[in-house]
Each structure stands twice: as C-alpha cells, then as structure tokens.
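Peer 1: Chain residues, written in single-letter form:
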Amino acid sequence: MVAMKTIACLCEDVTRDEVIEAIMLGYRDIESLKRFVGFGTGPCQGKQCIQFVREIMAEMGIDPGPGMTSRPPMSPVPLALMAAEVEGDEKQL
Amino acid sequence: MNDVEIRFTFDGRRYRARKGDTVAGALYRSGVKVLTRSIKFHRPRGLHCGSGDCPNCLVNVNGVPNVRSCITPVSEGMVVRSQNKVISLRFDPVVLMDHFFKRGFNYHHRFIRPAFARGLYQSVIRRMAGIGKVPNVDVAAEPTQRIRTDVLIIGGGKTALHAAEKCASAGLRSTTVINSVQEPRKNLQGSSTLDGSFVVGAFDDGHILVSNGTRLHIIEPRYVILAEEGRDQPMTFPNWDLPGILRETAAMRLIEDRVAIGSRIVITGEATRRERVADLLRTSGLKHGEITITKPGWKVLAAYGRNSVHKIVISDGGSKETIACDCVVTCGPLAPRIEIARQLGCEVVAKGKASPTISVDESFETSRKNVFAIGGSADVLDDSEADRSAEIAVNHIISRMKGAGSWSR
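Those protein sequence lines, which keep their order, are chains A and B.
Its first residue numbered 1, the first sequence is counted upward by one per residue in this note's numbering.
Its first residue numbered 1001, the second sequence is counted upward by one per residue in this note's numbering.
Keep in mind that the hints were calculated from the coordinates and are not lab data.
Do not take every clue at face value.
Computed footprint of chain A on chain B, listed as stretches where at least three residues anywhere in the stretch have a Cβ under 8 Å from a Cβ of chain A [said to hold, decoys possible]: (1) 1029-1037; (2) 1066-1076.
Quick list of the computed label-pair ranges, beta carbon to beta carbon [to be verified]: (3) A:17 - B:1012: 16 to 26 Å; (4) A:80 - B:1384: 40 to 50 Å; (5) B:1324 - A:87: 18 to 28 Å; (6) B:1345 - A:25: 45 to 55 Å.
Okay, the calculated bits of chain A under chain B, using three or more residues with CB under 8 Å as the criterion [claimed, not checked]: (7) 6-20; (8) 39-53.
Glycine included, every Cβ here is placed at the ideal spot set by N, Cα and C.
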C-alpha cells in the first residue's frame, strides 16, 4: 500500500498538504509558493500541477492569477542537442 | 499491418510490441504497469497522461535517460530501462519514506541541520532521488537546423492540419510541428511537417526551438499559429498518481493501439466524454470486463493499491461506495495549453480558479502581434468553430502580408 497522499506535483512529489502549509506560512502568490515548495520545477515544468495549485489557492481565499510561465526546456531534451553545432553558422572557436 | 511483432527489452526482460505501439503502451499490454518510481517517496508510477505532459513514464531508452515512453514508438531491439528505483521497480524499500513523511517533506527545510552534515545528507538524498543518471554513452546529436518559414503551426490535431491546408492553398510556406499523428496527412504544396516533434521553448525574439529527440530546429517564423488540442486536466484525489489511473488521452490512445486497458474499469469525469470512452471500449472488440461509469454528482474520494490501483471509493456527498477495479479513466475538464503563449509573452487571463485562457481578438490574434491562437489553444472546442478559427487566422495573415508588400506569390 502507498500512504494516503494527494500529490499536487508529480515531478517533485509535492503534496497538497505542503502547499496548504506554505500558504498558511504566508506564501500567498504562485511564484513564491513555487520557490518555497518546488512544484512546477521538474521535467514537466508545471503542465500538471499549476492548475491544481491555483485551485488550492482559490479554496483558501487567494486570487491565484493566471499562473506562472514554464521555462524552457518545457519537455526533456538531451543536453547534447543543445550543444550541437548549428548548420550554416560559422563555427566559433 | 498491426500484427508485425517488434522485440524489445525492459529491465533485461524480453517483451513484444506491435507496429505503432508506444513503449508504455506495449508494456501496458504485457501487464507492466509500474514504469518508474517518484522522486522523493518512491511511490510507484506508470503510464498516466499519454501525451508527454507528465513525468510518470520517464525511462531510459538505449542509454538516453528521461525519455517519455508514452509518446515514444517502440523499435526493434530497443533497450529500455527503468529509472529512480532502489532494488526493483515492484519492490523498492525507499517507499518507507512515503509512510514516514505522511504529509510530505520539503528538502529546503529538512535534512539541513546540523550545518556540517548537509553535504552528507545531500549525497544520500541525491543517490535516492534524482530522475535518471547522466548517460555514459554519447548521445547522437545531429546538427541543429535553422528553418525560416512564413507560418509556424503548432499542434497535431484537426485544427492544426486545417490551418496547414489553408496556408498551402494560399501559397504560404508553412511548417507544422506535430507531436502525435492523429489524422492522416496529405502532402501539401509548400508545407513541411516536423513529425514526432515538440516545442522545447519559445523566445522573446520570436524564435521557437523544436526537437524530435535527435536534433533541434531553430524556427524563425513570420507568423505563429498556436493550434494545440486542449489538455484533459488531471482529476486529483488521494492516490490519483497510482499506476492504472489513466487520463482520457492515455486511455484513448491505448484503445486505438488495441491494448485492453483493464478487466474492471471505472470511468469518471465529464459526462459526454466518459460515455465516449465507454462506447469506444465496447465497440473496440477488446476484452474489457465490467465497465462502471460514475453517476452524475459522484466524486472519487480516494484510490487504493500497492503497485497499481485495486479499488476506489466514490461518494455523492452522503453515501459512499467502494468499487474494485484495475483501471480508472479520468475525463477531467479540457483546458487550453498556454505554456508556449506565455513564453512568447502573450496575455493569458484567468477568472478565479477557472483554467487560464489565451486572450485573442476577433481575428484570433493574441496580444503579441503575429501570434495567433486557434481551436483548442483559443478554447474553441466545437470542431466546425475550430475550423472557422483556422480560416479566419490564415486569411488575416494573408491580408497582412499583402498589406506589408511581402506577398510575392
């Protein structure tokens, strides 16, 4: 059996309880909440969790606003591709 | 041609797949539901969203870590390995953490005192968690390509293809990023498609970085049309992350790939869509056993299971009911995918806790000039309305190009 948990962020294993706790500690906007509990910082960059966190905020009487901006890479991509040369560009040495 | 067999391995065991299967789909058919373990509590995780949007099916494929197995096609001889487990996927003792930290824990606040032990804590935590290991093989990377195009269309559904057709018939050069192929595609004059690709990031200068896993494309479009299909939002309840709990998109894809999704299935969520999943199941000819559709007003209170779901409790607010099941399909509310629009700086609005939407004007242009959102991206769900939004946006682009004197066709 897994322990009874409502996961808010699948990537970083952040629970609903943790989000509520952080809101009670005074983190009342989505950006500082994200920095404090770490949701939205995993491989999916908030595609799954932001809406749920917004709903939790609204339940606690906070206007959640439109959320936050995902950062690139929005989906996992090998670093080797980032380091690859660009066709047609002169090589910089 | 669906019965062509492909052989691959998962954690050293041999499995068979059919042509067209995804890695996660082929494993699901073979009864493998746990694909990885979660980062902190090592909770079992498996195929969930079916659209490459979540971390629950990340695996190592041929030495490359963090590959999304739900959207990666199987190929002959593929070597697939699970990540982030201690001992084995089905028996991972670190799951004790799950029971020890009942409410969750934040590693910015625990395991930080005394200060001199931080380094030790960190090395242990890093070994236990961490998604994927740095590969010790070279990842083959093809050189990055620059693509200059009139119109970049993002999305692989009907609306995106309709927009591509409209561009082609007007003589516009268009490039379409297709994440998953759902519709048969025609070869269109002047249009190219990037199959099996996804957007990595969108930047202030309007350049959009796209990848297919083996190379990057830097796309420099004059106009962007966001035409992604709506995302079915997760339905959250205690243990909604258990393997066997599938989002509608994942379930539909499995059924299309002729995978029996379960022997006792519960379908919950929005009325018309849960009926559609049930109908597809019944007419698919696949073995499906008993199908339970939750009644209006009934909500899932919790799911239970060890390595995958084995029962759920539902309630109408008063009475409760327990249903034994091995698969739960959730049809959560559809919401526009706003990530690319936000990165491009387009205005996104939200009223209260309702899902945010991209603001568009009457020609479906966003607050950023030359960036349009149509169909699901503009929260237009009706098929013919979505087609109309594609036509309006493309016509607008044509008239703007003519006005700017950049119409050379």
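Peer 1: Would you mind marking each hint as holding or not holding in the structure?
Peer 2: Results of checking the hints against the structure:
Judged by the Cβ-Cβ criterion of 8 Å, the segment 1029-1037 of chain B is not covered by chain A as claimed, because only 0 of its residues qualify and three are needed. Requiring three or more residues with a Cβ within less than 8 Å of a Cβ of chain A, the coverage given for the segment 1066-1076 of chain B holds, as 3 such residues are present. A C-beta distance of roughly 38 Å is found between residue 17 of chain A and residue 1012 of chain B, which places it outside the suggested range of 16 to 26 Å. Between residue 80 of chain A and residue 1384 of chain B the Cβ separation comes to about 44 Å, which falls inside the hinted range of 40 to 50 Å.
For the pair residue 1324 of chain B and residue 87 of chain A, the supplied restraint of 18 to 28 Å is violated, since their beta-carbon distance comes to about 57 Å. Separation of residue 1345 of chain B from residue 25 of chain A is about 31 Å and departs from the stated range, judged on CB atoms against 45 to 55 Å. Restraint check on the segment 6-20 of chain A versus chain B: 12 residues with Cβ-Cβ distances below 8 Å, three needed, restraint holds. Here the segment 39-53 of chain A counts 9 residues with a CB under 8 Å from a CB of chain B, which clears the bar of 3, and the coverage holds.
Comparing the model with each numbered hint stated earlier shows that hints 1, 3, 5, 6 do not hold.
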